[in-house]
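Novice: Whole structure, please, built from the sequences with the hints as guidance.
Number of protein chains: 2
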Amino acid sequence: MKVLILGAGAIGSFIGAKLSSVSDVVLFSRNRAHIQKIQKEGLIIEELTGEKKRFHLKSIFDLKDLEHLPDLIIVLVKSYDTEEAVSSVLSIKKENTLFLTLQNGIGNVEKIAKFIDPNMILAGTTAMGSALIEPGYIKHGGSGPTYFGKITGPPDELTKEIASMFNKAGLETYVVEDPNLYIWKKLIINTGINAITAIAQIKNGWIYKNRYAKEIAQKAVEEAVSVANKMGIEFKEDMVETMLNVAKATSENISSMYQDILKGKRTEIDAINGAIVKFAKDLGLHTPINQTLTNLVKIIEEKVVGK
Amino acid sequence: MKVLILGAGAIGSFIGAKLSSVSDVVLFSRNRAHIQKIQKEGLIIEELTGEKKRFHLKSIFDLKDLEHLPDLIIVLVKSYDTEEAVSSVLSIKKENTLFLTLQNGIGNVEKIAKFIDPNMILAGTTAMGSALIEPGYIKHGGSGPTYFGKITGPPDELTKEIASMFNKAGLETYVVEDPNLYIWKKLIINTGINAITAIAQIKNGWIYKNRYAKEIAQKAVEEAVSVANKMGIEFKEDMVETMLNVAKATSENISSMYQDILKGKRTEIDAINGAIVKFAKDLGLHTPINQTLTNLVKIIEEKVVGK
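Residue numbers (our numbering), protein chains in the order written: chain A, 12 to 318; chain B, 12 to 318.
Hint data in this document are derived by calculation from the structure and do not stem from the laboratory. Please note: incorrect hints may appear among the correct ones.
Copies of the same chain look alike in the list, so a pair counts if it works inside one copy or between any two.
Said to hold, decoys possible - Mimicking SDA-like on lysine to any residue, the simulated pairs with C-alpha atoms at most 25 Å apart in a straight line are:
#: 1; residue 1: 292; residue 2: 260
#: 2; residue 1: 274; residue 2: 313
#: 3; residue 1: 314; residue 2: 251
#: 4; residue 1: 69; residue 2: 124
#: 5; residue 1: 69; residue 2: 184
#: 6; residue 1: 214; residue 2: 277
#: 7; residue 1: 259; residue 2: 315
#: 8; residue 1: 214; residue 2: 316
#: 9; residue 1: 314; residue 2: 277
Specialist: As structure tokens, then:
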């Protein structure tokens, strides 16, 4: 299967490298320094054990350099780049090319569906953690399962085949009936962890170890769960507990939002806490904790990125 | 009049230097580097014009070095140090020594009154801005009036005499009937400005220029005003507007809380937004914006200070 990674950042490069053992993968990113480094010297992945592995992967920063049209495009650009990225690959997709989004935040499926037949969209989440330390150098930050499924119906054979490819590549993956539920679960976990760690510039572990961080993370999650429930999304588990367990399991990780701030980049706040605030407004609910967190991230973003 | 500045930090040193032209002032601080520098070379104040003036002031870090018992002790230690500082000067006060607190935050009068006859306490606020750039070197950051009065009744002659001394020293000062109202007004202004500027590490001007900062500052103030109203404190002015005007007038200032974070010091959050949250809890009100701001400052404090 020919796979194009659309957005070969920290997590895209990691998943691409893993999949390259079982399929024909091309990394695509507009981060020219990262791609050129991989073209010259390969991609280095520092594993959880500290061991460094080098992957020689086809990598491009210009779609003109793509040799074969992809069967599967895995969308891993930042949420706010989704529309631009998907529209940029319309010319190199085949009629039966599948799109799989494993992006952070909510609303990515809807953005992709502006351009792509929903029957061709798979969606889900991954709990893989990864950081782009420098061009060509990725650090694996924590392992967790990947879940995806079709957005228009029950999983088909092709979806199962792709999941099987992920599993063969060493990525623990499950096909799910309701990917939207998994996307919401991850959204809610991120609602508790990402903004607070980005604002206070702390590692994930603080969220369950520090009582002040824990208290607002918990309240942010409670607000998000109320919004989800009002939208008809029900969770069988206690999402506060789930969020705290994720914070614990990823204690030493720097959340993607904190990574963005450190790099002076725009964050995905609009698709995480900001999305909760927006849904809440439409529903007539109040989410002051998420509002405060969203605004603080926006201020810090403007400070580090400029307007 | 013999004046002891109890807590010669940024604002204490500034007020002490000004008062030294019209009274016998001693600066007292436990910041030994700052005091020793003043002892050796005098205190340098950089005025708003950029002009630098040197003041030769009696300065001590040990009360044993005090030559005369003070008539007036101006309390300008951090709110959380009040009890310890006041109890440390009990041995060097006369029966008729007055205490004047111009500290930030709420609750300082109550802390002083644990040791001192309330009839001997004057309280109020100052809008003077100042920063301790390095030991012995203060930068004047903005001018504004000082208000104080007796906490047990209408202003007496001695209070007016002290105010007159402030005015002669070039510090615009007014004697007020209800110092508590002025303390609350300043508290509410600080509730809007201090935590947000400390968390996002921004100058005061962002509070009125940046729409995200303005929005939460406004909501934090609205919560604080609700709490004050429920406690029977009424403001004739629109406190949101007042707070935004202060942010505008002090655009280039680094708030005291942001200064504390930059210096890796504990902040006065418990006496500002934290006090609003505490009063609200006692009154059965919700102040989620102030709660979030308080917790975020607490997290950052623990990060920079340690527990």
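Novice: Looking at the structure, which of the earlier hints fail to hold?
Specialist: Going through the list in order, the structure violates hints 1, 4 and respects the others.
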